[in-house]
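Number of protein chains: 4
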Amino acid sequence: MNFKTYIEATGKRGVELARIADQVSRDSGVTIAVAPQFTDLKTVTEAVEIPVFSQHIDPIKPGAYTGHVLADAVKAAGAYGTILNHSEKRIKISEIEEVLSLAKLSDLATLVCTDTPGVSAAVASLSPDMIAIEPPDLIGTGVAVSIARPELITNAIKRIRSVNGSVEILCGAGVSTADDVSKALQLGTHGVLVSSSVVKGKSPGQVLENMTDEVLRSK
Amino acid sequence: MNFKTYIEATGKRGVELARIADQVSRDSGVTIAVAPQFTDLKTVTEAVEIPVFSQHIDPIKPGAYTGHVLADAVKAAGAYGTILNHSEKRIKISEIEEVLSLAKLSDLATLVCTDTPGVSAAVASLSPDMIAIEPPDLIGTGVAVSIARPELITNAIKRIRSVNGSVEILCGAGVSTADDVSKALQLGTHGVLVSSSVVKGKSPGQVLENMTDEVLRSK
Amino acid sequence: MNFKTYIEATGKRGVELARIADQVSRDSGVTIAVAPQFTDLKTVTEAVEIPVFSQHIDPIKPGAYTGHVLADAVKAAGAYGTILNHSEKRIKISEIEEVLSLAKLSDLATLVCTDTPGVSAAVASLSPDMIAIEPPDLIGTGVAVSIARPELITNAIKRIRSVNGSVEILCGAGVSTADDVSKALQLGTHGVLVSSSVVKGKSPGQVLENMTDEVLRSK
Amino acid sequence: MNFKTYIEATGKRGVELARIADQVSRDSGVTIAVAPQFTDLKTVTEAVEIPVFSQHIDPIKPGAYTGHVLADAVKAAGAYGTILNHSEKRIKISEIEEVLSLAKLSDLATLVCTDTPGVSAAVASLSPDMIAIEPPDLIGTGVAVSIARPELITNAIKRIRSVNGSVEILCGAGVSTADDVSKALQLGTHGVLVSSSVVKGKSPGQVLENMTDEVLRSK
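Protein chains in written order, with numbering that gives the first Met the number 0: chain C, 0 to 218; chain L, 0 to 218; chain F, 0 to 218; chain U, 0 to 218.
Check the hints yourself; a few may be wrong.
20 Å max Cα-Cα, derived EDC-like pairs, lysine to aspartate or glutamate [as the list claims (entries may be wrong)]:
#1 C:Lys88 - L:Glu7
#2 C:Lys11 - L:Asp106
#3 F:Lys91 - U:Glu87
#4 U:Lys88 - F:Asp57
#5 F:Lys91 - L:Glu94
#6 U:Lys11 - F:Glu45
#7 U:Lys91 - C:Asp106
#8 C:Lys60 - L:Glu7
#9 C:Lys11 - L:Glu45
#10 L:Lys11 - C:Asp106
#11 C:Lys91 - U:Glu97
#12 U:Lys88 - F:Glu94
#13 C:Lys88 - L:Asp57
#14 C:Lys91 - U:Asp57
#15 L:Lys60 - C:Glu87
#16 F:Lys91 - L:Glu87
#17 U:Lys11 - F:Asp106
#18 C:Lys88 - U:Asp57
#19 F:Lys60 - U:Glu87
#20 F:Lys88 - U:Asp57
#21 L:Lys91 - F:Glu94
#22 L:Lys91 - C:Glu87
#23 F:Lys91 - L:Glu97
#24 C:Lys91 - U:Glu87
#25 C:Lys88 - F:Glu87
#26 U:Lys91 - C:Glu97
#27 C:Lys91 - U:Asp106
#28 U:Lys60 - F:Glu87
#29 F:Lys11 - U:Asp106
#30 F:Lys88 - C:Glu87
Since the hints were derived computationally from the structure, they do not count as laboratory data. These numbers come from a predicted model, not from an experiment.
Work out the full structure, taking the sequences as your base and the hints as a guide.
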């Protein structure tokens with residue numbers, strides 16, 4: 000669950016949202032991770048027990064990099080892992096391998112976003128912990144990739160598996176309902192990336208509960 | 000005092016460093032502000048009474064901007080202001096006016112870094128609260144701009160004052176000793192930007208004390 | 000007249016378009032400059048007598064900069080000047096002064112694009128030869144800035160003149176008809192920046208003739 | 000042979016250099032390709048018969064992209080192919096697949112630069128025509144990657160071949176002498192990328208002749 004820079008997920012409201020996810024995760028037994036903003040990372044990690052992700056880290060070691068995001072700082076704030084290469088924060092191909100290596104050194108799990116089967120395979124060959132397939136044009140639309148373009152997901156899984164047998168595969172973009180989640184799991188993914196549909200919805204807890212119910216039913 | 004992404008100023012060590020600055024500032028009566036990393040902003044603002052700055056904010060309003068730094072989030076973390084356009088995080092000219100306006104809306108003081116008299120004047124015409132003149136090639140060298148290129152500072156002040164009578168002017172890059180501070184004030188600046196000389200030094204508190212002593216003597 | 004990367008202004012079609020502008024300029028006595036793509040610069044400068052501009056140059060001196068655009072190369076191709084900081088190719092504030100200086104060394108006239116009165120004043124203090132005020136949201140709309148937001152232009156002119164008495168001022172974005180040109184000149188600008196309305200129109204020569212007729216009438 | 004933005008390879012001097020390469024290639028029967036600056040592309044393609052590459056193209060289709068480099072424009076200038084992702088012009092991972100597809104549509108051969116075995120494999124899974132392995136820290140040093148880090152090349156070849164059986168593999172960075180070329184071919188590459196050692200040398204023709212002699216001897 001990516002908090003992005005939505006005002007509904009900033010500061011105290013971000014901590015509150017993380018607490019709701021924490022509760023739903025504990026009640027259901029289904030893993031939910033949250034990715035709050037940098038400035039809220041520490042408060043959130045102190046408030047919940049579920050895994051907390053940074054939304055990005057920069058390809059830098061400690062040093063003179065004003066305004067950058069250091070893996071060690073994210074780790075010191077209690078993060079479990081980090082999102083990388085989100086479509087709203089793409090990085091250069093030569094940086095991905097470097098950042099994956101820096102994250103590993105700081106013991107941070109890595110979730111790299113991709114958009115096509117080809118890019119998914121390219122990233123898979125760099126061995127991140129997770130890949131999230133997210134066609135950018137569906138993000139925020141409410142039209143789930145798992146429904147609208149199932150073949151994109153299955154092709155991506157095929158291409159990924161040809162070079163990497165173990166990376167976990169998520170799918171995102173437009174995922175809004177329990178049905179979208181169900182379809183995503185049927186296609187062979189391990190989970191979903193959600194954002195606006197939960198963060199900006201009227202009842203985030205209810206939406207998350209519906210989704211976790213569906214996950215349990217799909218098992 | 001810019002913490003950059005030095006490991007000596009990350010996590011708990013960043014909070015400790017901020018506390019030292021807080022103590023020296025209170026003892027001397029000289030204003031010291033600190034700029035920790037995003038992930039440490041909240042902990043630092045809770046630990047000290049001196050002004051805390053973010054190292055950067057992005058030219059965005061709340062929304063779908065994964066991995067970006069939102070003015071509202073920085074404000075919610077308790078920041079007093081933000082550094083902008085540091086030589087390690089330059090922004091586009093069309094973004095500077097936008098970010099200044101966003102910072103103002105979030106009631107954040109703005110300190111914009113510049114490198115030459117011309118760019119200082121250009122930025123001054125956009126009315127930030129403070130300008131810090133920092134030639135990048137002297138940063139981290141221990142050779143202070145106020146000693147090595149006094150005419151750059153005086154020219155920049157002249158150019159700035161021709162378009163803006165009220166912006167506060169700081170100087171940075173290589174500022175390491177009380178003498179550097181003294182010289183900077185003599186040239187007509189209101190203060191200095193320091194980083195590695197304090198952050199990475201053996202005794203940050205001692206260096207800050209020497210500098211604040213000099214400020215009091217210069218009055 | 001900015002050719003951008005429109006297919007109608009690429010390769011031979013770009014040369015043809017430049018020839019039309021050359022003819023209209025000679026017939027009317029009104030200055031028209033063209034800005035073709037980098038790859039067409041030399042062929043265009045050899046085909047016409049009107050001033051030819053590059054669409055951009057990079058802030059680099061000769062050296063190891065694969066894929067960059069060197070002022071000397073643009074000059075060697077016969078260019079008269081260069082556009083800088085177009086809204087589709089914004090540069091950092093610290094780069095603008097550097098590029099202006101490099102362009103001057105290569106004897107290239109400089110036209111810097113801006114979007115607001117504040118940014119126009121900031122750029123004006125760096126002394127380019129020309130400033131083109133172009134609010135990006137009107138570009139390509141057919142709604143001319145001179146009609147839709149005359150006060151933006153007059154405010155920008157006022158702000159520019161407070162720091163720079165000699166820079167030539169153009170206005171662009173949405174300029175499509177002779178009326179738009181007329182209005183722009185009435186507001187006190189020296190000319191206009193046009194692109195899609197001419198480049199992608201059915202009869203570029205006719206549109207240019209209407210505009211130059213209007214310029215002559217406005218004198 | 001990458002001309003970069005060296006002054007020795009700009010304008011007429013670039014055409015002259017390309018003619019020398021053309022002559023050596025025809026005399027020896029060894030393929031040499033040249034990559035001049037955008038502004039010299041057309042003049043060079045008209046002056047020589049050897050393949051001419053662009054140094055970069057942007058991930059754009061025809062449209063409103065001032066200052067960008069369009070595949071169609073490069074093709075219209077007579078180019079045979081394009082370099083992509085050079086260490087001096089890195090692109091985002093999501094852009095590489097897009098640019099490869101645009102290049103293919105414009106019938107341009109593609110040569111993608113990489114730095115490590117991992118990134119080489121990642122790029123290989125996107126099926127460019129050629130990959131050039133170039134560790135950036137050796138570029139321009141005169142210390143050839145084929146001599147200094149042979150295992151980097153052999154590992155990269157192994158990783159590339161595990162995902163792509165047909166892409167041609169070059170090696171670059173520091174390649175200066177016939178011996179460097181010989182070693183590169185022995186390691187299993189199909190050729191080399193050269194730049195400063197030839198472009199900035201006293202006798203480009205002589206260096207190229209020595210290298211092509213070595214290629215013929217290595218067969």
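Outcome of the hint check:
Distance restraint check for Lys88 (chain C) and Glu7 (chain L): the Cα-Cα separation of roughly 28 Å exceeds the 20 Å cut-off, and the hinted pair is therefore not satisfied. At roughly 18 Å between alpha-carbon atoms, Lys11 (chain C) and Asp106 (chain L) fall within 20 Å of each other, so this suggested pair holds. Our distance criterion of 20 Å between C-alpha atoms is met by Lys91 (chain F) and Glu87 (chain U), whose separation comes to about 18 Å. Using a Cα cut-off of 20 Å, the hinted pair Lys88 (chain U) and Asp57 (chain F) holds, with the two alpha carbons roughly 12 Å apart.
Proposed proximity of Lys91 (chain F) and Glu94 (chain L) is supported: the alpha carbons are some 9 Å apart, at most 20 Å. For the suggested pair Lys11 (chain U) and Glu45 (chain F), the alpha carbons sit about 15 Å apart, so the restraint of at most 20 Å is met. For the proposed pair Lys91 (chain U) and Asp106 (chain C), the alpha carbon gap of about 25 Å is over 20 Å, so the pair is violated. At most 20 Å may separate the alpha-carbon atoms for a hinted pair to count; Lys60 (chain C) and Glu7 (chain L) meet this at roughly 12 Å.
As the CA atoms of Lys11 (chain C) and Glu45 (chain L) are separated by approximately 15 Å, the hinted pair is consistent with the 20 Å bound. Restraint check for Lys11 (chain L) and Asp106 (chain C): the C-alpha separation of about 18 Å stays at or below 20 Å, so the hint holds. Taken as a hint, the Lys91 (chain C) and Glu97 (chain U) pair is honoured in the structure, with Cα atoms around 14 Å apart against an allowance of 20 Å. Between Lys88 (chain U) and Glu94 (chain F) the CA atoms are separated by roughly 17 Å; this keeps the pair inside 20 Å, and the hint holds.
Under the criterion of a C-alpha separation no larger than 20 Å, the hint pairing Lys88 (chain C) with Asp57 (chain L) is consistent with the structure, at around 12 Å. Straight-line distance between C-alpha atoms of Lys91 (chain C) and Asp57 (chain U) comes to about 14 Å, which keeps the hinted pair within the 20 Å bound. Note on Lys60 (chain L) and Glu87 (chain C): the hinted pairing holds, with a Cα-Cα distance of about 14 Å set against a maximum of 20 Å. This hinted pair checks out: Lys91 (chain F) and Glu87 (chain L) have alpha carbons roughly 12 Å apart, not beyond 20 Å.
With a C-alpha separation of about 18 Å, the suggested pairing of Lys11 (chain U) with Asp106 (chain F) holds against the 20 Å cut-off. For the proposed pair Lys88 (chain C) and Asp57 (chain U), the alpha carbon gap of about 18 Å is at most 20 Å, so the pair holds. For a cut-off of 20 Å, the pair hint linking Lys60 (chain F) to Glu87 (chain U) stands: about 14 Å separates their Cα positions. Proximity of Lys88 (chain F) to Asp57 (chain U) is assessed by CA-CA distance (about 12 Å); at most 20 Å being required, the pair is judged to hold.
Of the supplied pair hints, the one linking Lys91 (chain L) and Glu94 (chain F) holds, its CA atoms being roughly 9 Å apart against a limit of 20 Å. Note on Lys91 (chain L) and Glu87 (chain C): the hinted pairing holds, with a Cα-Cα distance of about 18 Å set against a maximum of 20 Å. For the hint pairing Lys91 (chain F) with Glu97 (chain L), the CA-to-CA distance comes to about 14 Å; that is within 20 Å, so the pair holds. This hinted pair checks out: Lys91 (chain C) and Glu87 (chain U) have alpha carbons roughly 12 Å apart, not beyond 20 Å.
Pair hint Lys88 (chain C) plus Glu87 (chain F) holds up; C-alpha atoms about 19 Å apart against a cutoff of 20 Å. Under the criterion of a C-alpha separation no larger than 20 Å, the hint pairing Lys91 (chain U) with Glu97 (chain C) is consistent with the structure, at around 14 Å. Restraint check: the Cα-Cα separation between Lys91 (chain C) and Asp106 (chain U) comes to about 25 Å, which exceeds 20 Å; the hinted pair is violated. Distance hint between Lys60 (chain U) and Glu87 (chain F) is fulfilled; the C-alpha atoms sit about 14 Å from each other, no more than 20 Å.
A threshold of 20 Å between alpha carbons decides the hint, and for Lys11 (chain F) with Asp106 (chain U) the separation of about 18 Å falls inside it, so the pair holds. The hinted pair formed by Lys88 (chain F) and Glu87 (chain C) meets the criterion: a straight-line CA distance of about 19 Å does not exceed 20 Å.
In this structure, the earlier hints numbered 1, 7, 27 are contradicted, and the remaining ones agree with it.
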